[in-house]
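Q: Each chain, letter by letter, is given below.
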Amino acid sequence: MVRFLTLFLVIQGVLFGAQLHPLGQEYFVMPWTTGLAHFCAQLVAMVDPSTVANGKILRSTANGFAVSIEAGCNGIEATMVLLAAILAFPSTWKQKAWGLGLGFIAVQGLNVVRIISLFYLGQWNMTAFEWAHLYIWQALIMLDVLIVWLIWVRRINRSARNAQPPEDGGSMTPTTPVAA
Amino acid sequence: MPSTIGRFFLRILAWVPPVFLAWYVLVPLLHWPIRWFLSGMALLGVPEFVTSVQQTLHGFEFLTNLAPGVTPGQVFRADATVSTEVDARLYSYGTALMAALTLAAWHPQRWRNLWYGWLALLPFQMLAVFAVGMKQILLNSGPAVREQAEWAQWQLETIAYLYQFSTLIMPPVTALAVWFVLHRKFVEKFVGADVIGMLRAADAERKAAHAAATPKPKRP
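Chains as they are written, first to last, in the working numbering: chain X, -12 to 167; chain S, 57 to 276.
Excised from the complex, chain X in its bound form (with noise of 0.2 Å):
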């Protein structure tokens, strides 16, 4: 329990500090947002063609609104979060990878949708952007890693059951004595 909190607490420390060094931000955070708005932009460009990306910018050419992905909102934290619990906790690195390789595209996918939501409710009502780019996405993707999170755990869980010897019954050597 010591260990999994530490462990968690420093390796979450230190990526966060990693990304908001001025090396972390050139080589990794900015050429990672700049992707992420590009990519959106393309996926929303199929339905909305006005939809384009400059920078880390999203922006429609129909009516000039634009939201720029900041820190915290380009979901690097959240991978963060859950690259974290997940090497702190105790299991194999094959199990490790998988895990981390399936909760990094849901916490990602899910971000996806975040902008594109953002996006568009920023054009209907500025109250409405404000809630929920400040309080419930916040909410909602941490939600998404602790879900993540618990399922990796289950999946680990089951897998260290199926890999122990039944306790009775399929066993080769008696467990009570046996009179000859």
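One thing to keep in mind: the hints can contain errors.
27 Å max Cα-Cα, derived DSS-like pairs, lysine-lysine [stated by the list, open to error]: (1) 241(S) - 83(X); (2) 83(X) - 263(S); (3) 245(S) - 83(X); (4) 81(X) - 263(S); (5) 245(S) - 81(X).
Over the 12 Å line for every Cβ pair with chain X, so calculated as not near, a few chain S residues [what the hints assert, rightly or not]: (6) 59; (7) 200; (8) 255.
Keep in mind the hints are simulated off the structure, nothing from the lab.
Here a beta-carbon is modelled for each residue, glycine too, at the ideal position from N, C-alpha and C.
Fit chain S to the given chain X structure using the hints.
A: This is chain S only, laid out in the frame that chain X set:
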């Protein structure tokens, strides 16, 4: 009580709008202990330049004895001092998230858990509001203000880090962690095992393996 993770998630989604609305209305009341704590710190002179902390509708105002200095394009009275307002809702919405999860779980002791959860989240919210207040005073008000405060570079870096952490990670993560600890048995139903028990067992296993691998010192 919901029986699957999917149903639980749907119940959370159903609880989120009313709970967040209730939280929004109750914010001045829920923030009251934070004001009490921050005012106490100011009375004790921690940090030395904050003279008082006042509660506003949605947050807190830090009043200081620091002079604003010379800012291009701005003229201040001779007795002007720096003050800053922090919108604490940005750092306390974890209370609403924790409440939505607690009500979605519908634990028999849900009201007790809501109370404990709110209390457990308060120290993190106090820390966040304090860090944001210090960041606004020391990092956003110009070099003249920073010089008067006489904080070391490492203290300023710590405040900047705490501000980022308090804004981006702390509110939802602490809410989920507090809820998780208060609903250990409920989570056990979904996971099929007690997660905290699993962690403790892994710790014990590691200790036992370490003890077995370490040779005992022989007596002369």
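Q: Hinted pair, alpha-carbon criterion (27 Å max): residue 245(S), residue 81(X). Please report holds or violated.
A: holds, 25 Å
Q: When you check the alpha-carbon spacing of residue 81(X) and residue 263(S), does it fall within 27 Å?
A: holds, 23 Å
Q: Holds or violated: are the alpha carbons of residue 245(S) and residue 83(X) at most 27 Å from each other?
A: holds, 22 Å
Q: Does the alpha-carbon distance linking residue 241(S) and residue 83(X) stay inside the 27 Å limit?
A: holds, 25 Å
Q: Confirm or reject the statement that residue 200(S) sits farther than 12 Å, beta carbon to beta carbon, from all of chain X.
A: Residue 200(S) is indeed farther than 12 Å from all Cβ atoms of chain X, at 26 Å.
Q: Under the criterion that the straight-line Cα-Cα distance not exceed 27 Å, is the pair residue 83(X), residue 263(S) satisfied?
A: holds, 22 Å
Q: Confirm or reject: residue 59(S) is not an interface residue toward chain X, with every Cβ-Cβ distance exceeding 12 Å.
A: holds, 14 Å
Q: Say whether it holds or is violated: residue 255(S) keeps its Cβ farther than 12 Å from all Cβ of chain X.
A: Residue 255(S) not clear of chain X: closest Cβ-Cβ about 4 Å, inside 12 Å.
Of the hints listed earlier, the one the structure fails to meet is number 8.
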